[in-house]
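K.L.:
Next come the chains, spelled out residue by residue.
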Amino acid sequence: MSAGKPATEADAGADDLSVLRRLLLRPEQRRIAELGERLENPRLRARDVSRVLPEALRLSARDRADLGDALTPTVETIIHASVRRDSRRFADALFPVIGPAIRKAITEALRQMLQNLSEVLEHSLSRRGLAWRFEAWRSGRPFAEVVLLHSLEFRVEQVFLIHRESGVLLQHLSAGNVACEDAGLVSAMLTAIQDFVRDSFAMADDQTLDSIQMGDLTVWVEQGPEAVIAGAIRGNAPPELRGVFREALESIHQQQAEALRDFSGDPAAFETDAVQHTLQQCLQARYHERPRRISPLLVMLLLGLLAAGGYWAYTGLREQRAFESYLQALNQAPGIIVTRAGAAAGGYRVQGLRDPLAADPLSLLDGEGPLDPQRLDLHFAPYQALAPSFVLTRARRLLRPPETVNLALADGVLRLSGQAPARWTGEARRLALALPGVEAVDSSGLRDPGRDELRALRAALSEQVIRFHVDTTRGEADAPTLQRLARDLQRLQGLAREQGQAARVVLVGHSDATGTPARNLRLSRLRAEWLREQLLGQGVDPALLTLRAAGSSEPVSTGTGPAAQAKNRSVTLEIHLTSQQDADR
Amino acid sequence: MIRKKICMLGAFAVGKTSLVERFVKSLFNARYQTSLGVKVDKKSLAIDGRLLELILWDLAGEDEFVSLRLPYLRGAAGLLLVVDGTRPETLDTALALRDKAISEIGEVPSILLINKADLAEGWRIDPPDIDRLVARGWTILETSAKTGRGVEEAFLALGKEMLQ
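One line per chain: the protein sequences are V and Y, in this order. Take the position in the first sequence, starting the count at 1, then add 913; the result is the number in the working numbering. Take the position in the second sequence, starting the count at 1, then add 12; the result is the number in the working numbering.
Hints in this document: simulated from the structure, not taken from any laboratory. Please note that the accuracy of each hint is not assured.
[Unchecked claim] FRET-style restraints, in silico, Cβ to Cβ:
#1 Y/35 / V/1022: 52 to 62 Å
#2 V/1114 / Y/107: 26 to 36 Å
#3 Y/172 / V/1181: 56 to 66 Å
#4 V/963 / Y/146: 40 to 50 Å
#5 Y/119 / V/940: 49 to 59 Å
[Unchecked claim] Away from chain Y, derived, C-beta distances all over 12 Å, residues of chain V:
#6 969
#7 983
#8 1101
#9 1105
#10 1176
#11 1180
#12 1186
#13 1466
From the three backbone atoms N, C-alpha and C, an ideal C-beta is built for every residue, glycine too.
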């Protein structure tokens, strides 16, 4: 074999091989050439990629989180460029969404504000509310915040889902309107504190710091194998909340077992709805719902007020009734007329007319009744009532009748009956007609005993003959006779005066017919004088007596026998009655 | 969005906290570090169009009195080791800390920051030491707490490594 032959043979072999290859693989070669063309030619390649790009994006978005990260800078650049070039186009594109977005934001803000406002209103005016207002003023915090803090039993304000080993924050939720510091830093620091405590107090790895408390804020930490849930709780969290945290943690470990195990810094896996929902369960809050218990003191006070009110109403009613019956009594009482009556400040006021003769209005009040006389204000103007009883009373007062006189009134006629001196009767008849209510006076039933007696006494005295012996000037009458005579004369004088008359008694001296007239005249005068002396001695009024000497010219007896002559030796009495006025004159 | 925990380690007074404070979001006071031994800050980055949120655990510096609290390292996806360029011994501390950390949490991306680069003329770390570390695959950056130079790059570098 030469050095060249093998080469020639080799060449021939190569040719054969290529022929063979061509024969065997022509379709594949053509296919490879086509594929090469598609890979090399940018136009064809672009067409190919455009066919698969949508599907590729879809798949990438579903399975890989980094597509978004990868696209973000490009999209940002595009948006920037687009806004710079034609901001109006961008504004037009945003227009349909920006309105609803703003509306939603405003609605949310208003809702929060209303919620705060209603809380504030609910607590504004209560006693507690005022105390809180004072606290807000003192501490310089907004009132709404103070209200919230006081009415809050507990509220989980923030929940952190933390990667246990690195302390990197996986997820964070917070209750509305709670201000949050950077959750990533807080979660790292919480982990550092855990580590610090465990390290400082030489605790085993599985032992954990469960709770950190400061003031009314508590941080509860619940440890799982891969992740930790930490909750910041304001107020007094109930123990059962621990269970909620634990369940949430277990649930997340179950849902995201793989993501937790392979965690290398990408928290996107924990931004799913399921994790969010689970963590949301931990954001609990409870507010005080104090049962509206009414304090016994208040109940007693109310009952007391009610009883007092009832008693007041009862006594008021009783008093009102008593007042009405009192008014009735006043109206029925003669001589009292009520013109106006009613309740007045501090009691009752009654106005009207009252005859001074009528009963005292206060005496008509039932002293034992519920109406206090002190609460009555009585005003009565005086008047004269024409009731018969008042007319009679007034008549009695005015006429002052003797006890023997009866007064009666019927149909305006005042009837006088009984016994009364004529002088009183005359006066009474005159006066009575001046009385209101008296139209006529009937005194026919009235007898005057004094007049009868006077008449009888006058008659008796006129018959009286005081005898004398012959030619003497000293009477035969003994002392008792003279005394009786003097008494009768005094009685006469009194009776006459009662009758409005003046009595005058003339002592007429007589003599018998024997002797000279002159002597007889003298004798008769001495006899009359004697009798006057005797009577004056007995106390008879000198003014009553006058003397007249008749001599024998006025014989008492016209007979001529000694008995008649004896009668003529006497003194007789002439009684003269004149009316008082004539006498005065 | 990716969230990662990283830990910043270094000897006492290498200026870790002041190095990053201008670049991170802080919520907690520096006192936390002295009381708890750690302070947590946040740093957000965009790397290759992806949002990366770094939760930076700034651990208290270690010295002969204070030792590292190992539990704080758990779950860390990266380490920032800080060295004071004017104190060569802090490089040894940083390396020892890294070894401790690796043995606790396993291998994670680490970046070494040589701080106080503005005092470069006062550097006392031997360049050969640094070269040796670079040769072993270390990423080393010079930073300045005063000017902030290199800090943003350090976060980016660590972020990139962690996302690979």
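K.L.:
Hint by hint, which ones does the structure fall short of?
P.N.:
Those not satisfied are hints 1, 3, 7, 8, 9, 10 and 11.
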